[in-house]
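Colleague: Got two chains here, separate frames each, mind docking them using the hints?
Quick note, the sequences are listed as chains A and B, same order.
Using the working numbering, you'd call the opening residue of the first sequence number 44 and step up by one each time.
Using the working numbering, you'd call the opening residue of the second sequence number 175 and step up by one each time.
Calculated directly from the structure, the hints in this document are not laboratory data.
C-beta: ideal position from N, C-alpha, C; glycine also.
Among the clues, some could well be false.
Below, computed lysine-lysine pairings styled on DSSO-like, alpha-carbon distance capped at 27 angstroms [said to hold, decoys possible]:
{"hint": "1", "chain 1": "A", "residue 1": "Lys228", "chain 2": "B", "residue 2": "Lys371"}
{"hint": "2", "chain 1": "A", "residue 1": "Lys146", "chain 2": "B", "residue 2": "Lys265"}
{"hint": "3", "chain 1": "B", "residue 1": "Lys265", "chain 2": "B", "residue 2": "Lys323"}
{"hint": "4", "chain 1": "A", "residue 1": "Lys228", "chain 2": "B", "residue 2": "Lys323"}
{"hint": "5", "chain 1": "A", "residue 1": "Lys146", "chain 2": "B", "residue 2": "Lys273"}
{"hint": "6", "chain 1": "B", "residue 1": "Lys231", "chain 2": "B", "residue 2": "Lys273"}
Far from chain B by the CB rule (all over 10 angstroms, computed), these chain A residues [stated by the list, open to error]:
{"hint": "7", "residue": "Asn49"}
{"hint": "8", "residue": "Leu119"}
{"hint": "9", "residue": "Gly175"}
The lines below spell out each chain.
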Amino acid sequence: MDILYNIFIDPFVQMGNAPDFLLQVLWSGFVGGTLYSLIALGFVLIFKASGVFNFAQGIMVVFAALTLVGLYNLGLPAWLALIATIGVMALLAIGVERVVLRKLVNQPDIILFMATIGLTYFLIGLGESIFGGEPKKMITEELGLPSGSTSFEPFGGLVIIEHLDVAAVVMAIVLVTGLAIFFNKTRIGRALRAVADDHQAALSVGISLNQIWAIVWFAAGIVALATGIMWGAKSDVSFALQIVALKALPVLIIGGFTSIPGAIIGGLIIGFGEKLFEIYWGSLLGSGVEGWFAYVIALIFLLFRPQGLFGEKIIERI
Amino acid sequence: MGNRAGGGPLIRLQLKVLRDMANIVHAEGAAAAAGQAPVLSINNIEVIYDHVILVLKGVSLDVPQGGITALLGANGAGKTTTLKAVSNLLKAERGQVTKGSITFKGERVDTLNPNDLVRRGCIQVMEGRHCFGHLSVEENLLTGAFTRKDGQAAIANDLEMVYNYFPRLRERRNSQAGYTSGGEQQMCAIGRALMSKPTTILLDEPSMGLAPQLVEEIFEIVKALNDNEGVSFLLAEQNTNIALRYAKYGYILENGRVVMDGEAQALRDNEDVKEFYLGVSGENRRSFRNVKAYKRRKRWLA
Numbered sequence: 044m045d046i047l048y049n050i051f052i053d054p055f056v057q058m059g060n061a062p063d064f065l066l067q068v069l070w071s072g073f074v075g076g077t078l079y080s081l082i083a084l085g086f087v088l089i090f091k092a093s094g095v096f097n098f099a100q101g102i103m104v105v106f107a108a109l110t111l112v113g114l115y116n117l118g119l120p121a122w123l124a125l126i127a128t129i130g131v132m133a134l135l136a137i138g139v140e141r142v143v144l145r146k147l148v149n150q151p152d153i154i155l156f157m158a159t160i161g162l163t164y165f166l167i168g169l170g171e172s173i174f175g176g177e178p179k180k181m182i183t184e185e186l187g188l189p190s191g192s193t194s195f196e197p198f199g200g201l202v203i204i205e206h207l208d209v210a211a212v213v214m215a216i217v218l219v220t221g222l223a224i225f226f227n228k229t230r231i232g233r234a235l236r237a238v239a240d241d242h243q244a245a246l247s248v249g250i251s252l253n254q255i256w257a258i259v260w261f262a263a264g265i266v267a268l269a270t271g272i273m274w275g276a277k278s279d280v281s282f283a284l285q286i287v288a289l290k291a292l293p294v295l296i297i298g299g300f301t302s303i304p305g306a307i308i309g310g311l312i313i314g315f316g317e318k319l320f321e322i323y324w325g326s327l328l329g330s331g332v333e334g335w336f337a338y339v340i341a342l343i344f345l346l347f348r349p350q351g352l353f354g355e356k357i358i359e360r361i
Numbered sequence: 175m176g177n178r179a180g181g182g183p184l185i186r187l188q189l190k191v192l193r194d195m196a197n198i199v200h201a202e203g204a205a206a207a208a209g210q211a212p213v214l215s216i217n218n219i220e221v222i223y224d225h226v227i228l229v230l231k232g233v234s235l236d237v238p239q240g241g242i243t244a245l246l247g248a249n250g251a252g253k254t255t256t257l258k259a260v261s262n263l264l265k266a267e268r269g270q271v272t273k274g275s276i277t278f279k280g281e282r283v284d285t286l287n288p289n290d291l292v293r294r295g296c297i298q299v300m301e302g303r304h305c306f307g308h309l310s311v312e313e314n315l316l317t318g319a320f321t322r323k324d325g326q327a328a329i330a331n332d333l334e335m336v337y338n339y340f341p342r343l344r345e346r347r348n349s350q351a352g353y354t355s356g357g358e359q360q361m362c363a364i365g366r367a368l369m370s371k372p373t374t375i376l377l378d379e380p381s382m383g384l385a386p387q388l389v390e391e392i393f394e395i396v397k398a399l400n401d402n403e404g405v406s407f408l409l410a411e412q413n414t415n416i417a418l419r420y421a422k423y424g425y426i427l428e429n430g431r432v433v434m435d436g437e438a439q440a441l442r443d444n445e446d447v448k449e450f451y452l453g454v455s456g457e458n459r460r461s462f463r464n465v466k467a468y469k470r471r472k473r474w475l476a
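The shape of chain B in the complex, shown without the other chains (with noise of 0.2 angstroms):
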């Protein structure tokens, strides 16, 4: 690691300065770009695993008010470290968030329990759609209702709400969700957190392992509640295509750093993003020796 850093300790620190900066200035650009304050934000955040595994290095993004904004990189560039950092589920891993902050709705939430942020509106749908497999799918859904107070005739009506947004739940209320296709796993597990009632959802990788057309529908699911219901989304996703097609804002993160963010549209038309992440190059594939200057481009980024 050391090496590959380079410089002196005070070129780094000069260059820390210079990131933060930059990153003040990103989650500017993302809550004006949405024309109100962040509903969540997260500003500079280094996340430990087990004391020794550094994993974010300085994160920092802001998700609007009633927005879809992407969080897109490879696999093990910290997309899910920082879901869970927000959740708070990191602690259940050992994992710690030793520096920054994260706020929700103002108010700083890095210290708080997992359940408490639901009840405050914030939840995460976690990669690879975990319900629970004994309860049949109904009592999925009423599980996400725990942490509500609001009484029975509450929850009955946005159980209604949630099978009407998804007609295939209601079909298989009954059955046991672990016998259920990934398709209707995933929005038993959205739907399941949609019973909290929450204002942002943390959907991690919804398009995991499912068909490209299950996938478009889970998409326009997402896109519906956003519109109808106002939930924002914070969206971590490796398909960059289908993501920034239906988000509005975008972060790419690189080895646990952002290294590029803008509008959905911008990051779609960016040479680079085109070339690495949605597979497509403009007139002619570029040789693999230009590869280089992109690291240093990349380099340059972080």
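The shape of chain A in the complex, shown without the other chains (with noise of 0.2 angstroms):
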């Protein structure tokens, strides 16, 4: 009966005693997830565009982070800074559809699939011997980055809201609607979507696939730079990031491979989900449920909803 008790009744109970700390727990909840849906949205672009899952994009994270923090230590200004990490990373997506991806068109996705695993790795090299392995600082303020916090006083209690969440929530909103607007409105998007279809027919109607794979991999970055500015500023700057970065299958398993809203939906379930699992059910587990929650949701879609959410149906004719 206790146990009953302690899954059923406590934690709401405790909700309904402390309502401003439940609206904390709430409000870092949707941080969190929103950082886990822009993470995820880095793998949905490569995945629909060339059906390959980027193993490599938690490292583009950190590369993309480090190459910020590096060219600033160098001397450069903030902005300048930002503009050629953009830069950077155009230049990688050109350097990976030209050296791995041109080179394998049309294998099999599982060799692709490796191709990326072996990126990830090159990364990690290049990342390591260019900027060094120690943590580093993101540059918050120098980017213009609000800092402090508010706090609020609902229900006679207190909630601190960061601005720098604020910000991390916003950019991911920007992000996320200039991307549905790419793909959905521009003549660039609906060749993406017609190569996310069918390679051979987008080929056919005279679609360049390197040039759309480019594209893609640049988007991707600048997903993977905005995501890591914001994970960096959270945390530090460091390969340790890239763990995080894997939180994003589970996130994608609950949308669905190649849905954008599916990824948005999913980072947030699996945010609000995990803090509240934490905060209040996690002491009958012991803690550090945070760790593992993601991927207990993970398993159980694919045993009764493998597509995720919003993943795209197959289409069959009968």
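Modeller: Right, here's the structure in full:
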């Protein structure tokens, strides 16, 4: 009986008793969720256009952030470092397309996947040899990101909202809206979706796969940079960040590998879910729930809805 | 393979020379028939897949400006490979043109990318339609205009033209292409190719999996496009009957070689074509014993 009480009644009693604390938990879950969504977005972009699960997306986040900080430390002003980093991500995209994808066109997916694992280790090595392995501080203030916090006092309690988190959420919203418009309204976006549907047919109507792939990897690079700045500002910029990026995998399983809205909703589900579960139910299972919660949810989804919430249905006419 | 070819190397060489000469004569024949220089000509190409599988063994053909040319043959004869060799889609399938040349509007095109060729006005409609299933019909059509640089107005204009040729596409413009019927998808694929403003369309097996009346409808539209817009067609078909009714000139491919070619009318009247491709023969069905005779004849032709 005690167990049942602890699972089904007690957490809600706690929530009811301290609504301000609940709000605080929800907010931090929301912020975590948007960041997961951002990472997942990078995966979705590349998966849609080339059918490849880009294992290197996590390291691209680290690499982008490291480049930004590294260039700033070389003495470039922050805005110039930012533009230069975008340039580096563009070069990386073109390089990947030239050296890896172009050679492997029409090979089985698993070979492309292996290639992205190779790319991961290449980028780790390159990043370490240029910028060194020790953690660095993100140049938060120099980029004009707000610091400090605002506190509210709802229900006679206290909720603290950090301005940096607000900036992260705003940035995520802007990026996602921008990408959605790009995908659905522009000529290149339409071509991207066409490539996602049928490579051969896209080739046959004169869409250049090479161009599309470079664009997609560049877009994923921009997303990686934004993610890197935000995660870097919350913790430090180090190679450990790429472990966080692996959280995108359960996000994608929940949201569906091919859906941008799916990546967002999936990210939010994981963000809210793991915070709430950790705070209110975590003590029942010992702490550290945050580490595995996402994967368990993903497992449940795999059992009951393998294409995810918003995954593209496989169109089959009968 | 070696056993079947037979003869010493010298004889084979002589045969090859003869064949090349014959090909040249064929090519001239087709062009002369249309009374113009060919817009597309394939000269004695050989195609190898995966570095080992020899699929085309010296195919030559001409597509005259403003004509409909049929490329006929059974499964595996090499029709699709021929079209893909022209549109340069072969490379994506690890195929390679190892000998011969392909010229489009007088320029060699066998080293270009598919998108370069589309830009020059030659586009392929692939076998099995290949619409973009998750895009709407209209979006499908617009992807066809990807290579164009002549502005929104011209593209909107052509979209209207496509809808006039295919009124059913206008009705279904907002539905996802994956959920439209096979006939509508074929129309969508042809319409999509038209959006690139082509002068030549390589049409691969438009009749595949469609009801006879729909096949008729689609061929009527092809004919209308040919008459009104002056689009030249190279048409790969298994349905010899309908292809020879709409085409002006035809080539018959067997085992990667052109075994026969001629005016559509002449091919339709040819006894062998009648028997083996159209499924009708003279007074009474021949006994299977005589197939041997045809095979001999075929080898001689090849």
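Colleague: Each of the hints needs a verdict: does it hold here or not?
Modeller: A quick look at each hint next to the structure:
1. A:Lys228 with B:Lys371: Satisfied, since the Cα-Cα distance of roughly 22 angstroms is no more than 27 angstroms.
2. A:Lys146 with B:Lys265: This hinted pair holds, its Cα atoms lying about 11 angstroms apart.
3. B:Lys265 with B:Lys323: 26 angstroms, holds
4. A:Lys228 with B:Lys323: 17 angstroms, holds
5. A:Lys146 with B:Lys273: Holds. Lysine 146 of chain A to lysine 273 of chain B sits at ~23 angstroms (cutoff 27 angstroms).
6. B:Lys231 with B:Lys273: 9 angstroms, holds
7. Asn49: Fine: 47 angstroms to the nearest Cβ keeps asparagine 49 of chain A off the interface.
8. Leu119: The assertion about leucine 119 of chain A holds, with a minimum of 37 angstroms to chain B.
9. Gly175: 42 angstroms, holds
Violation of the numbered hints given earlier is absent; every hint is satisfied by the structure.
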